Amino acid sequence: MSNHRSIGVLILAAGKGTRMKSDLPKVLQPILGEPLLFYPLQAVHNAGLSDVAVVIGHGGTNVESYLSAACPNVCSIWQHEQLGTGHAVQVAREWWSSFSDVLVIPGDAPLLQSDSLSLLVRTHLESSSLCSFASFHAKNPAGYGRVTRTNGAISIIEEKDATPEIKKITEVNSGIYLFNTLALASHIDSLANENAQKEYYLPDVVGLLSDQKQHVEAVCFDNEEDFQGVNSPVQLAAVTAIVRKRIVHYWMELGVKCSSPDTVFIGPRVSFKGDVWIDPFVQLYGSTEVGEGSHIGSHTILRDTQIGQFVDIIHFVSIQSSCVEDHATIGPFAFIRDNACVGEKAFVGKFVEIKKSTIGSGSKVPHLSYIGDAQIGCDTNIGAGTITCNYDGTNKNPTHIGNRCFVGSDTMLVAPVSLGDNSFTAAGSVITQDVPEGALAVARARQKNVEDWVVRRQGNRKEGGKE
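Residue numbers (our numbering): 1 to 467.
Careful: at least some of the hints might be erroneous.
Stated by the list, open to error - Pair ranges (Cβ atoms, derived):
#1 Pro416 x Gln458: 32 to 40 Å
#2 Ser190 x Ala69: 37 to 45 Å
#3 Lys16 x Ala238: 19 to 27 Å
#4 Trp78 x Pro416: 45 to 53 Å
As the list claims (entries may be wrong) - Capping the alpha-carbon separation at 27 Å, the derived lysine-lysine pairs in DSSO-like fashion look like this:
#5 Lys273 x Lys245
#6 Lys139 x Lys245
#7 Lys345 x Lys355
#8 Lys345 x Lys356
#9 Lys21 x Lys168
#10 Lys356 x Lys396
#11 Lys257 x Lys245
#12 Lys245 x Lys213
#13 Lys257 x Lys273
#14 Lys364 x Lys345
#15 Lys273 x Lys345
#16 Lys213 x Lys16
#17 Lys198 x Lys160
#18 Lys16 x Lys198
Hint data in this document are derived by calculation from the structure and do not stem from the laboratory.
Values in this document were obtained by computation on a predicted structure and should not be read as measured data.
All residues carry an ideal CB built from backbone N, CA and C; glycine is no exception.
Using the sequences and the hints given, assemble the complete structure.
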């Protein structure tokens with residue numbers, strides 16, 4: 001930011017969220033595979049603000065763990081007693097006192113846009129205001145603090161403390177404030193809890209500044225949608241629908257094709273490269289990437305997965321924390337997980353599970369197989385019903401299959417075991433020993449045909465009085 005002003009961002013995320021009726025803290029409730037808190041953090045980052053702290057309280061250990069993993073540069077500040085937004089800012093005083101200004105935003109505002117934050121900051125800096133806050137006109141202002149403007153003085157009256165006349169006001173407080181920290185420090189301890197909730201309200205600082213004829217700016221925004229909070233499962237679903245629509249439309253504007261965009265779910269960290277086609281009822285979450293020319297078939301779920309170029313995912317496929325390389329074909333009804341990798345031009349077909357394994361380029365696992373803890377070379381064919389028996393009750397053991405191998409149908413590969421390049425296994429074999437390069441392994445009982453068995457069986461039944 002300009003003017004040599006240092007701005008810290010304080011996100012308030014300590015509340016219990018009683019109306020969510022959940023043991024999971026409200027700010028960790030999921031929206032498209034990411035916790036609610038992810039979204040205000042993303043808006044702050046996109047606005048170019050890098051000094052961030054989050055006030056945590058209810059379920060704070062879980063929130064702190066999330067922040068440590070996802071945002072290690074964000075500071076966590078404990079509010080052990082949740083006594084209101086004013087109290088939350090009080091406990092963070094040591095942190096925000098080192099900045100010239102502090103931006104305070106709620107942790108349950110997933111629709112907040114970075115452009116709005118940038119405008120608020122710019123207005124604050126240009127006006128030399130001691131406090132600037134975002135307001136908007138609500139179609140239904142119930143539940144919001146009302147913004148009152150009297151003889152140039154601006155105040156915020158909470159819903160529970162508002163008179164019937166004040167409740168008619170439609171301009172409401174968004175809960176987003178930007179304070180000059182010296183002004184904030186001189187008033188934050190003057191807050192009283194003489195209200196219905198017996199809490200210390202941060203908006204009261206606005207009134208204290210205004211009463212002293214200090215410069216306060218209320219920046220009124222047009223888009224009410226951007227400032228929606230989340231306090232209940234119904235509201236969580238409503239904002240999820242908005243976020244989902246925004247993300248899908250963003251990618252469609254960049255060339256991603258969705259034949260039924262209302263049925264497609266794309267998380268905020270998903271990315272596409274070039275012309276991708278997405279069929280109806282697809283879900284993409286986490287750090288998933290999809291390459292140029294790929295096709296994602298209906299009822300597919302991808303999470304933290306890298307899809308190469310011109311990959312064909314047919315339909316009903318689930319892939320987690322894995323990669324699929326260029327020109328591969330997957331599905332239908334395939335499950336790929338746990339850092340598996342499907343190589344270039346490989347094929348994983350119907351009712352196949354691949355776990356923590358590598359399928360080499362050009363290799364095929366067409367149907368009805370389980371491949372776990374295995375390394376499969378290039379141009380190898382895995383017959384129907386093949387299973388790597390990787391678990392011995394204690395350990396997960398590896399299977400190594402070389403290049404250009406042919407594994408016969410219904411082969412059981414009892415790990416640890418290796419098959420050399422160009423080796424074969426006969427159908428129905430249980431392979432317990434390594435197979436040399438170029439060899440055929442046959443491990444099954446010799447077939448025995450009992451002549452005239454049906455005739456003798458029918459005779460025995462007649463003698464026994466069964467007919």
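Here is how each hint holds up against the structure:
no.: 1; hint: Pro416 x Gln458: 32 to 40 Å; result: violated (49 Å)
no.: 2; hint: Ser190 x Ala69: 37 to 45 Å; result: holds (38 Å)
no.: 3; hint: Lys16 x Ala238: 19 to 27 Å; result: holds (21 Å)
no.: 4; hint: Trp78 x Pro416: 45 to 53 Å; result: holds (49 Å)
no.: 5; hint: Lys273 x Lys245; result: holds (20 Å)
no.: 6; hint: Lys139 x Lys245; result: holds (22 Å)
no.: 7; hint: Lys345 x Lys355; result: holds (19 Å)
no.: 8; hint: Lys345 x Lys356; result: holds (19 Å)
no.: 9; hint: Lys21 x Lys168; result: violated (30 Å)
no.: 10; hint: Lys356 x Lys396; result: holds (11 Å)
no.: 11; hint: Lys257 x Lys245; result: holds (14 Å)
no.: 12; hint: Lys245 x Lys213; result: violated (44 Å)
no.: 13; hint: Lys257 x Lys273; result: holds (12 Å)
no.: 14; hint: Lys364 x Lys345; result: holds (9 Å)
no.: 15; hint: Lys273 x Lys345; result: holds (19 Å)
no.: 16; hint: Lys213 x Lys16; result: violated (36 Å)
no.: 17; hint: Lys198 x Lys160; result: holds (11 Å)
no.: 18; hint: Lys16 x Lys198; result: holds (16 Å)
Checked against the numbered hints listed earlier, the structure breaks hints 1, 9, 12, 16; every other hint is satisfied.
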